[in-house]
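Novice: Chains as they are written, first to last, in our numbering: chain F, 10 to 283; chain S, 199 to 520.
Hints listed in this document are in silico derivations from the structure and should not be mistaken for laboratory results.
Every value quoted in this text rests on a predicted model; they were computed, and no experiment measured them.
From the three backbone atoms N, C-alpha and C, an ideal C-beta is built for every residue, glycine too.
In silico contact screen, one side only, chain S against chain F (beta carbon under 7 Å); selected entries:
hint : residue
1    : 340
2    : 367
3    : 461
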Amino acid sequence: MSRVSRTVYTVIGLAVVVIWLFPVYWMVNTAFKPGGDMLTVTPQFFPRHPTLANFRTVVDDPVFWTALRNSALVAGATVVIAMVIAFLAALAIARFRFLGRRVFLFAVMAVQMVPLVAIVIPLFLTLSTLQLADTLPGLIVAYLVFSLPFAVWTLRGFISNVPPELEEAAMVDGCSRLGAIRRVVLPLVLPGLISTSIFTMILAWNEYLLTYFIISANKNYTLPLWLTHFTLSEGVQYGPLMAGSTLIAVPVIIFFMIIQKRIASGLTAGAVKG
Amino acid sequence: MTRSELQAPRGYGDLAVPAQRDSAPSPKRRRRRRFDATPYWLILPASVLLIGLMGYPLVRLVVQSFQHWGLRQIHGGYPPDWVGFDNYRQIFTDPMFWTAVERSVLLTVVMVGGSMLIGLGIALLMQRVPAWVRWLITLSLVVAWSVPSVVSTEMFAWMTDYNYGVVNWLLGMPRHNWYINNVEGFGVASAVVVWGAVPLIAISTYAALSQVPSELVEAARVDGATSGQILRRITLPLIRPIIRLLTVLSIIWDLQVFAQIWVLRQSSPTQDYFTLGIYAYTKAYYSHSYGYASAVAIVIVLLLAMVVGVYMRSLSKLGGID
Chain F
10 MSRVSRTVYT
20 VIGLAVVVIW
30 LFPVYWMVNT
40 AFKPGGDMLT
50 VTPQFFPRHP
60 TLANFRTVVD
70 DPVFWTALRN
80 SALVAGATVV
90 IAMVIAFLAA
100 LAIARFRFLG
110 RRVFLFAVMA
120 VQMVPLVAIV
130 IPLFLTLSTL
140 QLADTLPGLI
150 VAYLVFSLPF
160 AVWTLRGFIS
170 NVPPELEEAA
180 MVDGCSRLGA
190 IRRVVLPLVL
200 PGLISTSIFT
210 MILAWNEYLL
220 TYFIISANKN
230 YTLPLWLTHF
240 TLSEGVQYGP
250 LMAGSTLIAV
260 PVIIFFMIIQ
270 KRIASGLTAG
280 AVKG
Chain S
199 MTRSELQAPR
209 GYGDLAVPAQ
219 RDSAPSPKRR
229 RRRRFDATPY
239 WLILPASVLL
249 IGLMGYPLVR
259 LVVQSFQHWG
269 LRQIHGGYPP
279 DWVGFDNYRQ
289 IFTDPMFWTA
299 VERSVLLTVV
309 MVGGSMLIGL
319 GIALLMQRVP
329 AWVRWLITLS
339 LVVAWSVPSV
349 VSTEMFAWMT
359 DYNYGVVNWL
369 LGMPRHNWYI
379 NNVEGFGVAS
389 AVVVWGAVPL
399 IAISTYAALS
409 QVPSELVEAA
419 RVDGATSGQI
429 LRRITLPLIR
439 PIIRLLTVLS
449 IIWDLQVFAQ
459 IWVLRQSSPT
469 QDYFTLGIYA
479 YTKAYYSHSY
489 GYASAVAIVI
499 VLLLAMVVGV
509 YMRSLSKLGG
519 ID
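Whenever a hint applies, use it, and build me the whole structure from the sequences.
Specialist: Structural data, given as structure tokens:
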């Protein structure tokens with residue numbers, strides 16, 4: 010490659026970096042600005058008088074703390090339950106050949122094809138029949154349905170990567186099949202289990218549309234719902250809004266950076282090993 | 199997913215096959231043949247959830263689309279009235295519906311086209327830049343990828359603010375309202391969607407590109423192929439499966455775009471901003487016509503199946519289906 014084209018590519022590459030980082034930078038930048046500095050016709054590209062006032066507005070809102078608690082609770086419960094259920098199902102798919110296996114696999118994939126806006130109305134009505142509409146348990150089961158396909162798919166890849174011979178060896182040595190799974194397979198797929206759970210947690214933490222349909226009471230708000238409500242109740246105040254956005258996004262960004270590589274490899278493992 | 203991806207992996211099942219082929223019956227064989235309920239127990243919890251909260255609502259959706267289902271049915275416990283195809287007839291004669299269809303399809307083309315082209319472009323670019331630039335690109339994409347869609351929508355809303363938006367300043371258009379004209383408003387919504395969708399596309403396409411065997415590219419170059427020819431004849435055909443998967447997923451996600459427009463318009467979009475998803479939602483929750491909204495939802499599902507079907511067909515005509 011010639012030096013000229015290399016330079017051109019580098020410049021375009023840096024432009025890509027700027028375009029994709031700028032909105033995030035602008036959010037953080039705004040969050041640290043006092044009101045007057047934010048509302049200038051010529052924008053300030055650095056907070057000249059950095060302040061925590063916007064963050065204080067956020068933490069002074071009691072609903073923020075309720076929403077934080079709810080988000081943590083719902084995300085945590087979704088992850089734990091989804092991992093147990095998905096691990097069992099992935100084990101069945103990866104290690105057994107049974108009548109209906111293909112139907113099950115197809116159903117799991119098809120769930121991802123159903124548009125959310127289409128299913129959300131009958132899902133809401135079904136949850137109301139079960140007395141679960143506008144409750145956190147209702148939200149958890151709804152998240153479960155939508156996070157299971159991905160979790161099953163990825164975990165199946167990780168389990169397929171463990172040679173079945175290892176379990177057979179353990180069974181020859183006197184383990185029961187369940188014992189072999191618990192003592193051999195589980196420890197080996199633990200890294201995959203951890204990254205899949207972080208990914209599921211991020212999905213639950215970021216989710217907006219389902220929550221918007223299912224939840225209406227203040228006390229059941231999750232963070233994304235709180236954020237949009239915050240705009241409406243206070244009138245659009247971009248300082249606190251950007252501070253709240255920063256608080257919601259930063260933990261996700263950190264987690265995502267940790268697992269990003271492993272998730273990619275889990276996906277390819279699932280794709281290549283049938 | 200291709201057929202081969204759905205095929206059974208090597209596992210206990212495969213190991214059992216030779217045993218069944220043994221000609222002499224043995225006690226061992228009989229045991230193997232016995233019905234093994236374990237896999238069914240393993241998939242039971244997942245199946246219950248999927249059937250209960252996906253299968254049943256889907257059936258309900260179809261049934262409701264033929265009924266008049268409103269407040270009386272929800273709160274009064276009245277049995278729903280069967281209305282046959284009335285809901286569908288109403289939908290197809292509602293001009294608002296056709297506008298919404300047109301908008302949704304157009305938006306999907308713009309969003310899917312934009313995010314696929316830019317994503318592919320960035321993936322190709324990542325192969326051609328020095329390592330430190332590639333590292334920076336990956337970092338910025340991963341950061342953007344992890345931002346919740348509500349947060350990114352609020353970021354873009356703030357950047358396009360009427361008085362103090364940084365975009366107006368950058369473009370030298372003070373006090374420009376981006377939302378009066380819905381073409382511009384949808385432009386902002388598309389920018390949010392594309393900005394959020396490109397990272398997944400670029401990173402997975404780059405991963406696929408780096409698996410293209412370098413011998414193939416070298417051989418073509420030795421034979422005198424230009425880099426354009428190598429791209430068209432070797433690289434792109436090899437990564438077509440992942441491109442196809444990403445395109446189908448993007449169509450599914452973008453045809454039902456809701457949150458970005460909804461949040462940009464502060465949860466009360468005017469009719470200028472009705473897309474199919476918003477149209478169905480407004481019918482269901484504001485007019486309380488759940489039957490009607492269910493019929494709209496069915497139309498969305500069918501439309502989606504059609505769009506994906508046409509796309510897959512056009513690919514197979516091009517020889518894209520293996």
